[in-house]
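Protein chains: 2
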Amino acid sequence: MKIERTVFFISDGTGITAGALGQLLAHFPQTNFKQVRAPFTDSIPKIEEAKQRILIAKAADGMRPVVIMSLGNKEHRALLKEADAYFIDLFNTFIDPLGVELAQEPLTGKGIAHGVMGANYHERMEAINFTLTHDDGMTHGGLADAQVILIGVSRCGKTPTSIYLAMQFGIKAANYPLIPEDFERNNLPEVLSQYTDKLFGLTIKPERLHSVRSERRPDSFYASLDNCRSEIAIAERLMKAANVPCADSTSRSIEELSAIILQKIRQPVK
Amino acid sequence: MKIERTVFFISDGTGITAGALGQLLAHFPQTNFKQVRAPFTDSIPKIEEAKQRILIAKAADGMRPVVIMSLGNKEHRALLKEADAYFIDLFNTFIDPLGVELAQEPLTGKGIAHGVMGANYHERMEAINFTLTHDDGMTHGGLADAQVILIGVSRCGKTPTSIYLAMQFGIKAANYPLIPEDFERNNLPEVLSQYTDKLFGLTIKPERLHSVRSERRPDSFYASLDNCRSEIAIAERLMKAANVPCADSTSRSIEELSAIILQKIRQPVK
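Line by line, the protein sequences give chains V and F.
For the first sequence, this note's numbering assigns the number 1391 to the initial residue and increments by one for each residue that follows.
For the second sequence, this note's numbering assigns the number 1391 to the initial residue and increments by one for each residue that follows.
These are computed hints drawn from the structure, not numbers from a lab.
Computed from a predicted structure; not experimentally measured.
There's no promise every hint is true.
It does not matter which identical chain is used: a pair holds within one copy or between any two.
Mimicking DSS-like on lysine-lysine, the simulated pairs with C-alpha atoms at most 30 angstroms apart in a straight line are [unchecked claim]:
#1 Lys1448 - Lys1588
#2 Lys1630 - Lys1471
#3 Lys1630 - Lys1448
#4 Lys1630 - Lys1392
#5 Lys1595 - Lys1471
#6 Lys1588 - Lys1471
#7 Lys1471 - Lys1424
#8 Lys1448 - Lys1424
#9 Lys1654 - Lys1441
#10 Lys1471 - Lys1436
#11 Lys1654 - Lys1448
#12 Lys1424 - Lys1654
#13 Lys1464 - Lys1595
#14 Lys1588 - Lys1464
#15 Lys1595 - Lys1424
#16 Lys1464 - Lys1630
#17 Lys1595 - Lys1654
#18 Lys1392 - Lys1464
#19 Lys1588 - Lys1654
#20 Lys1424 - Lys1392
#21 Lys1448 - Lys1436
#22 Lys1441 - Lys1630
#23 Lys1436 - Lys1588
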């Protein structure tokens, strides 16, 4: 049986940076972490409320909670630490020592990390717009502006991966489906021929595709294992013939696929 | 003039968790950080290459780089640390001490944080699908399954915020536009009347909306400051009359808006 343990993410801002560290809990699979987010904890009454919740969680689990905290205000930090918990304090462990290295006092206003909307933010919003209007081969116009064009059979993961690339990294990611018509012609879609250097292929195991498609259209020819097998085999052959780099989405998250694609975009294969 | 400084994110996996800590650099606005990502650094030759890049960056900046690293392999960690840099080691500062607290040895295989595709991953992919098919009032069917329905005038930020909620938190977020027809009828769209408890409003400053809309349709009535002013005034009045909680997107990022919306969803206002 897994050990139950509560993890609090307590921040004076969105709590997103603290929350991202929650991914590291995957290194401890024997524990079942219950994650509690407390963003915008930016006043003494809210700190007191958080302390109360820590106390209740400790009683329920029979173990002191883990608290990942990002609080700019020193008084609030000290107050919260009166609670009985294991604290990971982003200011103590990261920001203050980094300030020493940089010989600069860190800004300590609340919610700094996600409050600043620089050029990069605008770029990300533009990229999301672009990706949504160039989803699933919807429009051909503007493909020249794409930084990458994901191709692959229907339901292999192109859309969520494109959106992740846009949202997280500001990459203008179009995606274009490979469909039965292409397989009959035995060629990649004509419109893509001028953009071969931007293409990145996604593929998937037939069994997995069969299962994904069956959720949508059970018992259809489209979802049948035979059809999935055949579509994937031809798609992989076409991509290989056109020298399109390719990744298998079967056991990879959109985060992993995006990291792989970013590497290809930024360091073109010779 | 700002100080130039290079920051490396070196990981044996996607580098996403390490990269998230990059947000904390916003606490040091006097420095201009050049961010370099080195994901999948999982072999001795790749560590050596990273060391080389650190050396080059140091020579270019005239200052040792900051290195945020997440490497499971102890030998690789030690080898990388031979370089002259300021290291923030996620294993040393976070994972190893947490292991002591939990009385568990951390898993140290590469790319653990984003390699595991649990139930939560499936939920996020489902939510992205839902959000895309319920963008901009596209379909009314399935609104009953939405966890939140964002409403507001055209171009106030509903779509990117919905997608962020789905992608990051697995929230089924629909969005529905308020259009001139609704303003004439002086009522929220009829189809939403049965879902008032799921509604969340976004609003925006007229000047900002004017500028956003002008990028799309310059010199149109739609983008004119007068029309933006009038649409926003009526939209805000309709939302207030229907007791719909509301946030201003003008100077908030989608991360901040999502954190605010999540709080409303999870702690319904009494």
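Q | Hints not upheld, ascending by number | A | Those not satisfied are hints 1, 2, 3, 4, 5, 6, 13, 14, 15, 16 and 22.
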